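S.K.: Residue strings, one per chain:
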Amino acid sequence: MPDAPRVIRKLTGNFLEDFEPGQRFRHKGGKTLTEGLFTTFTEFAMTANPLAKNARYARAHGFDALVCPPGLTMLIAFSQTVEDVSENARANLEYIDMRFGAPLYVGDTVEVETQVLNVRPSSSRPNLGIVHVQSTARKNVGASDEAVIMTWQRKVQVYKRDENADLHPGEVEPDAVACELWLPDYDPGQDYKGLAHLSSSDSYFEDFEPGTLIEHSRGRTMTDEHIHLTAILDNTSQVHCNQYMIDLNPKQYVGGKLIIFGGIPFTLCLGLSSPDVGDNSLGDVAYATGRHTAPLFAGDTVFAASHVRGKHGHPTRPDLGILETTLLGHKFVRDEEGRHEDAPEDAPEGWKKVKIFELERTSAVKRRSHYAS
Amino acid sequence: MPDAPRVIRKLTGNFLEDFEPGQRFRHKGGKTLTEGLFTTFTEFAMTANPLAKNARYARAHGFDALVCPPGLTMLIAFSQTVEDVSENARANLEYIDMRFGAPLYVGDTVEVETQVLNVRPSSSRPNLGIVHVQSTARKNVGASDEAVIMTWQRKVQVYKRDENADLHPGEVEPDAVACELWLPDYDPGQDYKGLAHLSSSDSYFEDFEPGTLIEHSRGRTMTDEHIHLTAILDNTSQVHCNQYMIDLNPKQYVGGKLIIFGGIPFTLCLGLSSPDVGDNSLGDVAYATGRHTAPLFAGDTVFAASHVRGKHGHPTRPDLGILETTLLGHKFVRDEEGRHEDAPEDAPEGWKKVKIFELERTSAVKRRSHYAS
Amino acid sequence: MPDAPRVIRKLTGNFLEDFEPGQRFRHKGGKTLTEGLFTTFTEFAMTANPLAKNARYARAHGFDALVCPPGLTMLIAFSQTVEDVSENARANLEYIDMRFGAPLYVGDTVEVETQVLNVRPSSSRPNLGIVHVQSTARKNVGASDEAVIMTWQRKVQVYKRDENADLHPGEVEPDAVACELWLPDYDPGQDYKGLAHLSSSDSYFEDFEPGTLIEHSRGRTMTDEHIHLTAILDNTSQVHCNQYMIDLNPKQYVGGKLIIFGGIPFTLCLGLSSPDVGDNSLGDVAYATGRHTAPLFAGDTVFAASHVRGKHGHPTRPDLGILETTLLGHKFVRDEEGRHEDAPEDAPEGWKKVKIFELERTSAVKRRSHYAS
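Protein chains in written order, with my numbering: chain A, 40 to 412; chain B, 40 to 412; chain C, 40 to 412.
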């Protein structure tokens, strides 16, 4: 390099003062779902629903092909918004009104738009504030099968670039986005019973009893694989993948180490719950609200439980029922790693149980009467 | 959660006393082979056979597309049986009469059934016993190309739920499953010689001499990637992926740490052997018997060797010969990690060589006379 | 094993004395690009160009499908040459005259040939020398869309099998390989502007100013995932994947540990640069020269910068310009890890900045005037 060049270092993503209520982002990139991405995430999360694993089963139920499970749809759509919305975030605070629409298949291309609803300062920390946004993901824009696949709001805690900058005031109402779970028709001529051995025999709509808590029996230890998984999703947030940045100033970062992208435990908890509450579902309808309650790091083992809150018939489909659950994620940490105030009491001696995630979930579940015996 | 809910915790998988001779399982799930799964496993194992890598080569040899190598076919089919047969197993003791049938391609869907042949208690450990099963994997059930792709027996050491429970006595004969390696026709009009540079020049049928031991030169270190690889296969056994469970009671588990799923070294040894004995094969015919002789952990480096036991002409195909080898896997551990009684003597000072795997293998190998010079 | 068998241990790859100027290799294997491989590498490297991510965008620009980014084309083509050329190498010294041709799509099969140009001994180390080769990669050999996708020369430092062996003298000229970047036609009827939100608004040809140094803001920590990534590429060099070999004799190996395959930082630096200099490119034309200047290990965080050296119009395409940059990769090491003579001065206290890679790069970049506002 002959002369000392002029140095440019672009700041990526937006800071708190950059957001303005009513502002709209059409996010860059877009993402075509390949079989590589499908396999990596459907199965890292131990999804048990045969719709995502067995093409014969999926087609017999009226889908075109293997169906992208809701956790992966969420990971793909959400990640598209990271650079504009949360690349400079400290934490994702809340998911609100997350709804699913058309099914996502391998080969479909996802593109996402976001509207800023509200921006407000933190009451206690002058360098932080909260941005409230609404995002909508479409597939195959401009093609005959263009469709909304997902819409959601979230609140995210974002850093300011300049502590003294003024924020844009105001608030806008969320758009009324038409996004309702697409369901294949029930076909009385189809031999559904001949496929019933491929899913659990005790997870039909009839099997759920409101008031029960189902502790899903499997756990899954996360490794530093999370760096690769997050990169594959185009999630560009540096707190997940830049160890040097952490090493320079560990105290600034949660736990002083790389934190696992929240979409990973989100999806993993859905997967861990699937043998008990998900493998006879035709789809998740909506997540009314959800949030991360503790960070997840490489080496932690994730567990999940589902609290069955309610159930009722599907308004138009006698073959289906609507199941209302709260999905809970947790991990265990050794006592010496500090006290956690909201730690449940049911941990072995020397360990604390730490709740990491909760999600209010509504699913469309098959009735045994129509699909099995 | 307003009230203390009723807690349900499903036990997954069967315990020793649940098995009954003659009992049949149609395993849940099923698995469509995607390009993601194909790439992850064909190539993690360093498979050198161009049938699994080069579609031009595979089609010229009469296959429809890239051919799933035998190690991956085994991983997919075997994993489907884990929840029902070995989720509560301590160890997989023996593979018996493992035979291959139709080729498996990307897009094919695998479903598996298992019959219990025998159940017997352990002579020394009251909480354990041995289950002997026969499993058969089919592809594309109900479609015009439905075919058996693999059948095998295995003996697995399974825990009892209740040490005092009685076992189901009796023994049934294995089914006579028609499963013979499908081979594409030899086409005299095909320019096989024009493809000969794509495989090794010294691994044709004519090159093997019974009585030789081929030490495959490459080694491959396994990392904690095994957790992800095992999850992708739907293998739900917790001893491979639940570090917290191990930490609670390390003495109960082999080595006191997460053990690598046996299908991984099985496949990896096949891959490591492939440059020397596999890359001019049209397929593996059968594995008469096989077993794991020591556990594998993250950090171990796997090596393989092939003992050429015999060779003879193919009964109907003058272009092919049948090669009989014993595939051996081993790793090295430092002396201080304890003595291993069956350690071969050819280890460097300070190290012990530990045999981890052996497999009696029969392959259909191309003759140079018909495919090369 | 009844008798002590005759032991065969094939040496794989060539040693310095095996190479002869004018010698040609048609490399084994070949590689069909699957969606699994595409996803793993396009996205591990954080490639931001929508041509590799968004099939709608790629097709609207005149490509058939998602376009393999140059870093992955390089990884696939290069890896095919490793067994013959560099399995027994100590280091890859220099890339020369690397040029791209036809685009590579999922489903295409890559095969590679290499010619040896020159072999010479090391002046200081009697067990080493340098081999200079020229390699050319074609896709879909024998089919109607057969095409050269890439050609390049490289110099590699290779071990001798026998320190006293004579080398083959002489030198041959490189072939004049026709390999020019294929570009889709500019279609005035296409609504390119309707896609402009999918790529950066400030990385069009008009935006670059020669003399600037763009420090790309993101870093990416590498983990031992590199072992898996390298195996997936069929790169068989043991210094990337055989920890036992290193443990036996750590002093013989760079850093005394597994070294990351150079193609990984090559590709990763391209990916890290892509949001700033790559996401409005239709393709990389050529890399005149490049080299690795320090090794990369698991745990290191990779950063990149691009020095804009020049720009000029495309000879035949008014919609494009040619951008000349030098791509620079670096990492930071703690001071106590030793002094690095060529360490730039701009590192935080307690750290040294170490240049790991440089590449002279020429790209065909879209003009805003034709593709955006």
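To be clear, the hints were calculated from the coordinates, so they are not data collected in a lab. Keep in mind that a hint or two might mislead.
Note: identical chains are not told apart, hence a pair may lie in one copy or across any two.
As the list claims (entries may be wrong) - Quick list of in silico lysine to any residue cross-link-like pairs, SDA-like style, CA-CA up to 25 Å: (1) K232 - G52; (2) K392 - G295; (3) K296 - G250; (4) K392 - Y292; (5) K392 - Q282; (6) K49 - A403; (7) K49 - K232; (8) K194 - P387; (9) K296 - S256; (10) K394 - T328; (11) K199 - P387; (12) K296 - K392; (13) K296 - D374; (14) K296 - A337; (15) K199 - Y231; (16) K391 - P44; (17) K49 - S412; (18) K290 - H351; (19) K392 - R45; (20) K350 - R45.
If you're wondering where the values come from, they're calculated on a predicted model, not measured in any experiment.
S.K.: Determine for every hint whether it applies to the structure shown.
M.R.: Status of each hint after checking the structure:
1. In this assembly of identical chains, K232 and G52 lie within 25 Å of each other by CA distance solely across copies; the values are 22 Å between and 51 Å within a copy.
2. Taking the closest pair of Cα atoms, K392 and G295 come within 25 Å of each other both inside a single copy (21 Å) and across two copies (22 Å).
3. In the homo-oligomer, the alpha carbons of K296 and G250 never lie at most 25 Å apart, since the shortest distance is 38 Å inside one protomer and 37 Å across protomers.
4. Taking the shortest Cα distances, K392 and Y292 sit within 25 Å of each other both inside one copy (22 Å) and across copies (23 Å).
5. With identical chains, the CA atoms of K392 and Q282 are at most 25 Å apart between copies only, with a shortest distance of 15 Å across copies and 27 Å within one.
6. Taking identical chains as interchangeable, the C-alpha atoms of K49 and A403 lie at most 25 Å apart only when they sit on different chains, with a minimum of 22 Å there against 45 Å within one chain.
7. For the identical chains of this complex, K49 and K232 are inter-copy neighbours only, at 24 Å across copies versus 58 Å inside a copy, given an alpha-carbon limit of 25 Å.
8. Neither within a single protomer nor between protomers do K194 and P387 lie at most 25 Å apart by alpha-carbon distance, with minima of 34 Å and 34 Å respectively.
9. Within a single copy, K296 and S256 get their C-alpha atoms only as close as 29 Å, which misses the 25 Å cut-off; across copies the closest is 19 Å, which meets it.
10. For a Cα distance limit of 25 Å, the shortest separation of K394 from T328 inside one copy, 16 Å, qualifies, whereas the shortest one across copies, 47 Å, does not.
11. Proximity of K199 and P387 under a CA criterion of 25 Å is satisfied inter-copy only: 23 Å between copies versus 42 Å inside one chain copy.
12. For the identical chains of this complex, K296 and K392 are neighbours both inside a copy (20 Å) and across copies (21 Å), given an alpha-carbon limit of 25 Å.
13. In this homomeric assembly, K296 and D374 come within 25 Å of each other (Cα to Cα) both inside a single copy, at 19 Å, and across copies, at 21 Å.
14. In this assembly of identical chains, the alpha carbons of K296 and A337 lie at most 25 Å apart whether taken from the same copy (9 Å) or from different copies (16 Å).
15. Taking CA atoms no more than 25 Å apart as the test, K199 paired with Y231 passes in neither setting, with 55 Å inside one copy and 35 Å between copies.
16. Taking CA atoms no more than 25 Å apart as the test, K391 paired with P44 passes between copies only; the shortest distance there is 21 Å, against 54 Å inside one copy.
17. Taking the shortest alpha-carbon separations for K49 and S412, only the inter-copy value of 21 Å comes in at or below 25 Å, while the best intra-copy value is 61 Å.
18. In this homomeric assembly, K290 and H351 never come within 25 Å of each other (Cα to Cα): the closest approach is 48 Å inside a single copy and 47 Å across copies.
19. In this homomeric assembly, K392 and R45 come within 25 Å of each other (Cα to Cα) only across copies, at 19 Å, whereas the closest approach inside a single copy is 52 Å.
20. Taking the closest pair of Cα atoms, K350 and R45 come within 25 Å of each other only across two copies (16 Å); inside a single copy the shortest separation is 63 Å, beyond that limit.
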